[in-house]
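Trainee: Residue numbers (UniProt numbering), protein chains in the order written: chain W, 1 to 410; chain F, 1 to 410.
Calculated directly from the structure, the hints in this document are not laboratory data. Model, not experiment: these values are computed from the prediction. We treat Cβ as the ideally placed atom computed from N, Cα and C, and that holds for glycine. Some hints could be false.
[Stated by the list, open to error] Computed from the model, here is a short list of chain W residues facing chain F with C-beta under 8 Å:
{"no.": "1", "residue": "L243"}
{"no.": "2", "residue": "Q270"}
{"no.": "3", "residue": "A274"}
What follows is the residue order along each chain.
Protein chains: 2
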Amino acid sequence: MANQSRLKKDIETLRHISEPCNGGVTRIGLTATYRQGVEYLKQQMQEIGLIIKEDDVGNVYGILLGKDPALPSIVSGSHLDTVRNSGAFDGIAGVVCALEAVRILKENNIQLSHSVEVLATVEEEGTHFGTVLLGSRFISGEFSEQDKDRLYNDRGNSLREVLTDYLGHRVVQPAFRAPESIKAFLELHDEQGPVLEATNIDIGIVDSIVAIQQMVITITGFAGHAGTVPMTLRQDAGVAGCLFVTELNRFILRQYADSATLTVGKFSLQPNSANCIPNQCQFTLDIRSGDAKILEDIDRYIHQQALLIQQECNTAFDINNISYKSPVVMNEALRQLIIHSCEKLNLSYRHMNSGAGHDAMIMAGVCPSAMLFVPCYKGITHHPDENVTWENMAKGTEVLFHTMIALDQS
Amino acid sequence: MANQSRLKKDIETLRHISEPCNGGVTRIGLTATYRQGVEYLKQQMQEIGLIIKEDDVGNVYGILLGKDPALPSIVSGSHLDTVRNSGAFDGIAGVVCALEAVRILKENNIQLSHSVEVLATVEEEGTHFGTVLLGSRFISGEFSEQDKDRLYNDRGNSLREVLTDYLGHRVVQPAFRAPESIKAFLELHDEQGPVLEATNIDIGIVDSIVAIQQMVITITGFAGHAGTVPMTLRQDAGVAGCLFVTELNRFILRQYADSATLTVGKFSLQPNSANCIPNQCQFTLDIRSGDAKILEDIDRYIHQQALLIQQECNTAFDINNISYKSPVVMNEALRQLIIHSCEKLNLSYRHMNSGAGHDAMIMAGVCPSAMLFVPCYKGITHHPDENVTWENMAKGTEVLFHTMIALDQS
Numbered sequence: 001m002a003n004q005s006r007l008k009k010d011i012e013t014l015r016h017i018s019e020p021c022n023g024g025v026t027r028i029g030l031t032a033t034y035r036q037g038v039e040y041l042k043q044q045m046q047e048i049g050l051i052i053k054e055d056d057v058g059n060v061y062g063i064l065l066g067k068d069p070a071l072p073s074i075v076s077g078s079h080l081d082t083v084r085n086s087g088a089f090d091g092i093a094g095v096v097c098a099l100e101a102v103r104i105l106k107e108n109n110i111q112l113s114h115s116v117e118v119l120a121t122v123e124e125e126g127t128h129f130g131t132v133l134l135g136s137r138f139i140s141g142e143f144s145e146q147d148k149d150r151l152y153n154d155r156g157n158s159l160r161e162v163l164t165d166y167l168g169h170r171v172v173q174p175a176f177r178a179p180e181s182i183k184a185f186l187e188l189h190d191e192q193g194p195v196l197e198a199t200n201i202d203i204g205i206v207d208s209i210v211a212i213q214q215m216v217i218t219i220t221g222f223a224g225h226a227g228t229v230p231m232t233l234r235q236d237a238g239v240a241g242c243l244f245v246t247e248l249n250r251f252i253l254r255q256y257a258d259s260a261t262l263t264v265g266k267f268s269l270q271p272n273s274a275n276c277i278p279n280q281c282q283f284t285l286d287i288r289s290g291d292a293k294i295l296e297d298i299d300r301y302i303h304q305q306a307l308l309i310q311q312e313c314n315t316a317f318d319i320n321n322i323s324y325k326s327p328v329v330m331n332e333a334l335r336q337l338i339i340h341s342c343e344k345l346n347l348s349y350r351h352m353n354s355g356a357g358h359d360a361m362i363m364a365g366v367c368p369s370a371m372l373f374v375p376c377y378k379g380i381t382h383h384p385d386e387n388v389t390w391e392n393m394a395k396g397t398e399v400l401f402h403t404m405i406a407l408d409q410s
Numbered sequence: 001m002a003n004q005s006r007l008k009k010d011i012e013t014l015r016h017i018s019e020p021c022n023g024g025v026t027r028i029g030l031t032a033t034y035r036q037g038v039e040y041l042k043q044q045m046q047e048i049g050l051i052i053k054e055d056d057v058g059n060v061y062g063i064l065l066g067k068d069p070a071l072p073s074i075v076s077g078s079h080l081d082t083v084r085n086s087g088a089f090d091g092i093a094g095v096v097c098a099l100e101a102v103r104i105l106k107e108n109n110i111q112l113s114h115s116v117e118v119l120a121t122v123e124e125e126g127t128h129f130g131t132v133l134l135g136s137r138f139i140s141g142e143f144s145e146q147d148k149d150r151l152y153n154d155r156g157n158s159l160r161e162v163l164t165d166y167l168g169h170r171v172v173q174p175a176f177r178a179p180e181s182i183k184a185f186l187e188l189h190d191e192q193g194p195v196l197e198a199t200n201i202d203i204g205i206v207d208s209i210v211a212i213q214q215m216v217i218t219i220t221g222f223a224g225h226a227g228t229v230p231m232t233l234r235q236d237a238g239v240a241g242c243l244f245v246t247e248l249n250r251f252i253l254r255q256y257a258d259s260a261t262l263t264v265g266k267f268s269l270q271p272n273s274a275n276c277i278p279n280q281c282q283f284t285l286d287i288r289s290g291d292a293k294i295l296e297d298i299d300r301y302i303h304q305q306a307l308l309i310q311q312e313c314n315t316a317f318d319i320n321n322i323s324y325k326s327p328v329v330m331n332e333a334l335r336q337l338i339i340h341s342c343e344k345l346n347l348s349y350r351h352m353n354s355g356a357g358h359d360a361m362i363m364a365g366v367c368p369s370a371m372l373f374v375p376c377y378k379g380i381t382h383h384p385d386e387n388v389t390w391e392n393m394a395k396g397t398e399v400l401f402h403t404m405i406a407l408d409q410s
C-alpha cells in the first residue's frame, strides 16, 4: 500500500536540497539550506491536508487530527538535518516514511481517535552547534530558554541569534512537549549497520539504545634510536599499545561478540618518526553494549590487562574515562505492537540494539518510545553511498502504518 | 694519560657553539655556527702543532707528520655537525678523543712512522642538505663535483653556492682521498644505545654496521560506525595493524632478540575518528641486523604473517619496500688491534653491531676501517641529555692512542 514512487520522490528531492559537497547531502540544521528542506516537507504535509506547526527551535510537525483532539498524539518521525557530505537516508528516511504512513491513512479514509503527528527534528547530528539531539532535547525539556544563550556556532553566533534569523516572523509554538500530550513516539531509521542486509531480514526491532563508554589510553615508554636499543631493553609505548588493542579485541570477540562493540578509532605515536622507538602511544576506546553490566566487565578487563602489559612492556598506562552514557531501553509494549505489525505483514524481523544514538533515546524520557530499523546497503552511513531500497522503505512505512492503527486501539 | 679536563674543555666549548635551541646543541653543517666550531677545532690543532687542512666540502684535517711522509696516514675522527637540539657527544666525541690521542703522542714525544690525521667530517647528519654522510661520501668518491649542483638546501641554495659562501677565499684541497693515501680509519663514537652502560663494559668493538630494511605497510579495511557494525562483521584495518605489530614483535623477541631490531616508529589510522572503524592503517617498519640472512628470514615471516592476518581480519595488506642498506663489516685486523689495546689497558670490552649509520661505513670503501663505542647515559642520543662520562671519554682516547701506535707498527 505504501507508494514507492512517492517515497522515492521525497528522498530524491531532499537529497538535492544540499550545500555543494562531494556527491552527498549537506543540510546542516538551521541554515538557509535547511530552511529549503523544511519548506519542501511542509509543502508535502500541506498537500496531504495536515496542520503544520513549527516550534521555537526549528522542529516541524504535520498533524493529522484524530476524532478526539483531547487524546494525546501518536508522534512519528526522525531528523531532517544531515552531517556534511552525508547519505540521503540517515534521519530523512524516518520523516519520509512517517509522512507516507499518514498519506496512506488519509487516502484510505482512516481517521484514528488519536491525532497522528509527523515530526522532523532539527540538529540531531549536532553539526551546527556541536550538540547532538538538539531538537529533541528542547522537546523533552532537557534544554530550555537559557540554553539558547549558552550554545554558540563556529562563527560565534548564539543559538538564539541563529533562531531569530532562521524563524523570522513565523508563528511558532514552544518546543517543550508535556508528557501527557504524547501517547507514543515511533522512530524509523536505517540500521546504519550491516546486520539486517547480511542476514536478509526486513525489520530490526530495537530493544535498547546502547550504553557508550569512551576512554583515552595513554601509554608512556622511553624513546630511543631504532638501531641502537636492543629489543630486550626497550620500553616501546607503541608495541605496548598494539598488544593492548590486540588483547582487548580478542577478549571482546571471545566473550561479547554479539553483545558489545569495542572500537579503537584514533591511534597516535610520539615522536612518530620511522627510526625512533615511540615514547608515547595514545588511542581512544569506544565501547558499547545494551547491557551496562557487560560494560562494567569490559572495564574490569581493561584495567587488569593494562596492569599486565604495563609490566610486560615496562611502560606506564593512564586510563582516562571521557564519557559514559547509560543504555536506554525501548518501551516493551510498543515493541510488541511493532512485532505484531511485522507478523501481520509477513515481514521477517529480529531484535537488536542500536549502537548509535537517536532522538528516540531523548523522547523515551517524555513518552513510551520505540524504534524500528530498515536494512541499508553494506551498513554504509554518513557517506554519499548510504542506501535503502525503495522496497524496504515501503516495508518500513507499512509497519509504521499498522503500528499507528494498533496503537490507536491499545 | 688522557687528560679529562682537556676533553671536558673541548666538549663544553663546542656544546656552546650552537644556534639558539631548547637546551641542546644545534650546529648544522656549513652554517656560520658550524664555521665557529671548525675555527675552535683548528685553534686546538694549531696549539698542538698540527698541519691544518680543509677540503672543498668542509671536512677538516689536523695532521701530525710521521717520520716517513710517503707512508699512508692513520686517520681518526668523526663528525662535527649535529642534528637540531642534539647532545654534545654524538660525533663530536670522536673528533675530540682523536685530537686528545694526538696530544698525548705529541706530549710524549712519540713520532710515528705514519702521519696521523685527526678528521672532522661535515654534514654526517644530513640536516642541511637532506643527505646523511655527506662529507665522507665526497672523501670516498661516491659523491663528486656534479653532486654539488644536484644537492639543494631548504632555502633553494645548491651545495656549490653554500660551499662558495662557507669556504670564502680559503685554500682548500680536493675532498677525494685516494685509497693509497690512508692506512686505516678509526672512529670512536658514543654507543647511542644502553648496552655498555647496562652491562658495565668500557668499550664496544663494532663488528659490523647493520643492514637496514625499511618498509611501509598499508592495510585496507572497511570503514563503519563504531556502534552499528558487529564485531564479527568488521574489516578493521587498525585491529589488523595492531595484531601484525604484536606478532612481529613477538617473533623478533623469540628468534632474534640479540641479533636484530624491529621498530614501528610511525603509525596512523584513517579516518582517525573516535567513533569510526578505521578503513586504513599505515605504519613503518625499520628492521636491522648485522646478518643479511636474518633480514631475509624476517622478510619471509612478514609476508607469511601478512597473508594470515589478511585472512583473519578480512583486510588487504600492501607491503612496500622503501630502502635496503647492506651491512658493512668492520676490518678484522683493525678490530684485533683495538681489542689488544683494551687488554693492554685492562679495559673490559664486548663485540657489538652498530645499529646506526656512521662515517666508518663509507670510509670502509676507501681503507681498512673500524669503530669503537664508549658507553653513554641510558642510551640517550639526539637529545640534550646525551652524556658520556669524562672517565669513559679518557678510556676511549687511550684505546685510540694505543691502537694508533700498534697500527704504526703493523
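Trainee: Compare the structure with each hint and give your call.
Mentor: So, going through the hints one by one against the coordinates:
{"no.": "1", "hint": "L243", "result": "holds, 5 Å"}
{"no.": "2", "hint": "Q270", "result": "violated, 10 Å"}
{"no.": "3", "hint": "A274", "result": "holds, 4 Å"}
Checked against the numbered hints above, the structure breaks only hint 2 and satisfies the rest.
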